[in-house]
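Protein sequences, first through last, are from chains A and B.
Just so you know, we're using the numbering used here here: the first sequence kicks off at 63 and counts up by one.
Just so you know, we're using the numbering used here here: the second sequence kicks off at 963 and counts up by one.
Mixed in with the good hints, there may be bad ones.
Stated by the list, open to error - In the SDA-like style, the derived pairs of lysine to any residue whose C-alpha atoms are separated by at most 20 Å in a straight line are:
(1) A:K147 / B:T1520
(2) A:K147 / B:E1528
(3) A:K228 / B:S1302
(4) B:K1416 / A:D136
(5) A:K138 / B:N1338
(6) B:K1269 / A:V121
(7) B:K1269 / A:S151
(8) A:K147 / B:R1531
(9) B:K1551 / B:S1598
(10) B:K1324 / A:V121
(11) A:K153 / B:P1320
Unchecked claim - Covered by chain B, according to a simulated footprint, are these stretches of chain A (three or more residues, beta-carbon under 8 Å):
(12) 122-134
(13) 307-313
Hint data in this document are derived by calculation from the structure and do not stem from the laboratory.
Every value quoted in this text rests on a predicted model; they were computed, and no experiment measured them.
All C-beta atoms in this analysis are idealised placements derived from N, C-alpha and C, irrespective of residue type, glycine included.
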Amino acid sequence: MKLATKMMRRFAALALLGGTVLMTSGCQSMIVFDPKGPVGAHQRDLIYFTMLLCLIVLVPVLLLTAWIIWRYRDKKGSKATYQPKWSHSTKLEIVWWGIPIIIILVLAIVTARYTYMLDPAKPLESEKKPITVQVTSLDWKWLFQYPEQGIATVNYLVIPEDTPVKFDLTSDGPMNSFWVPQLGGMIYTMSGMATTLHLQADEIGEYMGTGANFTGREFGKMGFTVKAVSDADFGDWVEKSKASGNALTEQGYQQLAKPGTSDQVTYASIPDGLFGRIVHHYSMSRGASAGIFEKAKTRSELQEENPAGEEEQTDSTKAEDEHSGHSMDDMEGMEGMDSMDDMEGMEGHDMSNH
Amino acid sequence: MLDKIKDFASWFFVTGDPLIYGADIAIALTTLAIIFVLTYFKKWTWLYREWLTTVDHKRVGIMYIIASLLMLFRGGVDALLMRTQLAFPDMKFLSPEHYNEVFTTHGVIMILFMAMPLMFGLFNIAVPLQLGARDVAFPFLNSLSFWLFFMGAMLFNMSFVIGGSADSGWLAYPPLSEMTGSPGVGQDFYIWGIQISGIGSLMTGINFIVTIVKMRAPGMTWSKVPMFTWSVLSSCVTIIVAFPVLTVTLALLFLDRYLGAHFFTMDGGGNAMMYINLIWMWGHPEVYIVVLPAFGIFSEIVATFSKKRLFGYASMVFAMMSISVMSYFTWLHHFFTMGSGANVNIFFAITTMIIAIPTGVKIFNWLFTMYRGRINFSTPMLWTIAFIPCFVVGGMTGVMLSVAPADFQFHNSYFLIAHFHQVLIGGVAFGYFAGLYYWWPKMFGFKLNEKLGKWAFWIWNIGFYVCFMPQYFVGLDGMTRRVSTYSWDTGWWAMNFTSTIGGFLMGLGFLFQVWQIAHSIKFMEKDTTGDPWNGRTLEWSIPSPAPLYNFATTPMVTERDDWWEEKERIAAGQAPKAKPALEPIHMPKNSAIPFIQSVCWFMVGFGLVFHWLWIAIPGFIGVFATMLAHSFNYKSDYYIQVDEIERTEAAARRTV
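Please take these sequences and the hints and turn them into a complete structure.
Given below as structure tokens:
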């Protein structure tokens, strides 16, 4: 008994110390608490508010727990009251049913207001006209198309600062989740559906983006960079990209869509309406002809197509690299993502184009 | 010919990884050792008579617990493999494929093959005894439930060395889990392993509802039912509604994979979001299914070790029952970020956060049970006390996650991972450990060593916080779940490394528990009182371990905490309650059918995994044949005669 309380005290001290160290060292560097755009900033405020509201209950409960355990521990000659039959008090129960109800009520109201305010499909208020980026999550890379500019990139984004960006998102393959923590929360990308997310960067800088929903083998390599630049730099970048001459063709897209990781790539032009066809293809599987057509197959069907059990090696990324003229290295101050040397394709996958 | 065999073997067996070869050798050696020991000590008949064919709820419970502790080891090793990979992401300790398999099996094993059977084990040990019953309502079905769970678990575990494991996450979202995304057999092992054991879980749910409703001792009105039994009832109500959803979901996924149906593929009119809705309609209630009985265990332990009545009995019951109902209205919070409208998100955000209210009330009730009590810090109570701060913090982060717009930043990140490990380890694992320590003497007739138990407790707890607190921070720093590697410039290394140290500390804590059990088996003295903790409920009124028939005469219940009140009356000099005269006791006979039928189910599963109908069809025939055989079995019961009861009771009394 003595040992236990002694250890409990030490443990509490240790936990307190550890917590403080973590809080002070960790908080400054955590990117969710360091937003660079209005959506992220609102979400940070909301997180702080909910944390504070919860702490109002949490801290007293923890203190009460510690006090009760200490006060009513079974020791010889304890002077604390002992009431073995006391097991009901309407007043007390009203208090601890009441407090959580009030807190949840407050939280519910705040949540409802913020949910409407931060509805990802709602355009952001701004004097500037928003730009549109069409995002497609592929195995295991991101394709970003700029329909107004007529260009596209893989695994990196360049956006003008202080300008709302309307992301239209879909997936050609397993569902993923598009997340740039410093600009705002994530949204799923799903095949056959287009989701919308409005974000804006307030400051020039480079931000980490990532896929957040597991999609298979090289899911861990689905990071991307978001670079927010001035309007002038954005215009320059668009021009430079267009001049690079590396066109994304329908065939090029089919190649890109095959499973495999990729470096950062820039395309000078994109096929008309590709994004729409990717979405449409899955939602209207009869008659549509775009994107990659993956039909669920039974094992016997797979074996029929590949009777020898040969493992087909597809290397989409190598093919891409061959006609990739404009890489990110041309942009000053822009570092490529960490080298993605692991570029083997996925085996045994049949991707027939229809 | 030889080449063909070689080709087959290299496809059939998992090859290429030294870790797997190590496991192959370990499995082979363990199997040989078990066969040798059983043969050398001539224990085969003993194994068959006492265990494989038993329908005694206490033995079924013990088998559940042994199996689940083995699975805890397996799932724990998985966890440590992952933590090692994440502590040294550049070392490539696990390849991405292997890492994906490991986290998938870790999740499935810990929830379905560790938490669930440990819970069922405790149900089996304690519920009939708390009710003053002779057995569960359907002993044969109970045994069948266990063997179905066991065969399902074995089938799932087999994928580790044969054919390859599932690697699309523990909930197997399509299209990743469809044939196109997961062409291997791992996903089929997943479907059949869970399906077979899931049928067992559903039957257990039904069994215990009937047991609790119909088999309470005379006088045990609903307001006198012990709190653990109440929690089992609320959990079972959730099971019987949630598990059919799982069965159907997995059956549809199987049809997609086996017959090329399109339930969950976007083409052909299916929809992956339907799967995600369905799987979470089971998946979210599932976490309440496992945590509610832990609430019951804490209630028993807090009252016993504070030597005080449980505070707020009625509101405890109301809280648990309301949680089990509300658990069905929360599933969508698992995909707030799918782009559904604000109204949908608000509805599910509020239904989710409302659950915090009854949960919070329970915490206060436990605290005020201790208030003005006399708290004894034995190991069951230590785990209960450690649960409170852990669950309160985990609950707080849960409320934070339920705030839909804020969840956009937490979803699928390590913040979420830290949250659910905190509530599942702090709530479920701590709760079941507490229950295991608490009922151990009732199961085996001796207590577990307290000193080693305290060491295990402290190492586990310190390890827990070192492991999971950094994960909150690394999640807020943008690290997502299920990544097998990350680069140095993310700045995540220090947190991950710390977390890994914590993980290994928890592993060390587990080793201390193993040592504790081994040490106690060898050195602990027999508990001769039957009531080592000075308990309050009926299970402590009979000898430890309980005789085959549990209660020689059916107890008459007059109060809540009936055994405690009886002891008080006796201490006050009153006469103990009069017991009726002994009568022959009606008992169910042992049966080999549950075991045989489960083996047949195993064949069905295994055959369908590999699309080998020549195994699956005989399996199906076996299942129906055993069902038929059982329905014609009219000699399924017998009576224990009065003289034998007298002998057993006299033997118990000599030691009691």
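task = Give me the numbers of the hints this structure contradicts, sorted from smallest to largest.
result = 6, 13
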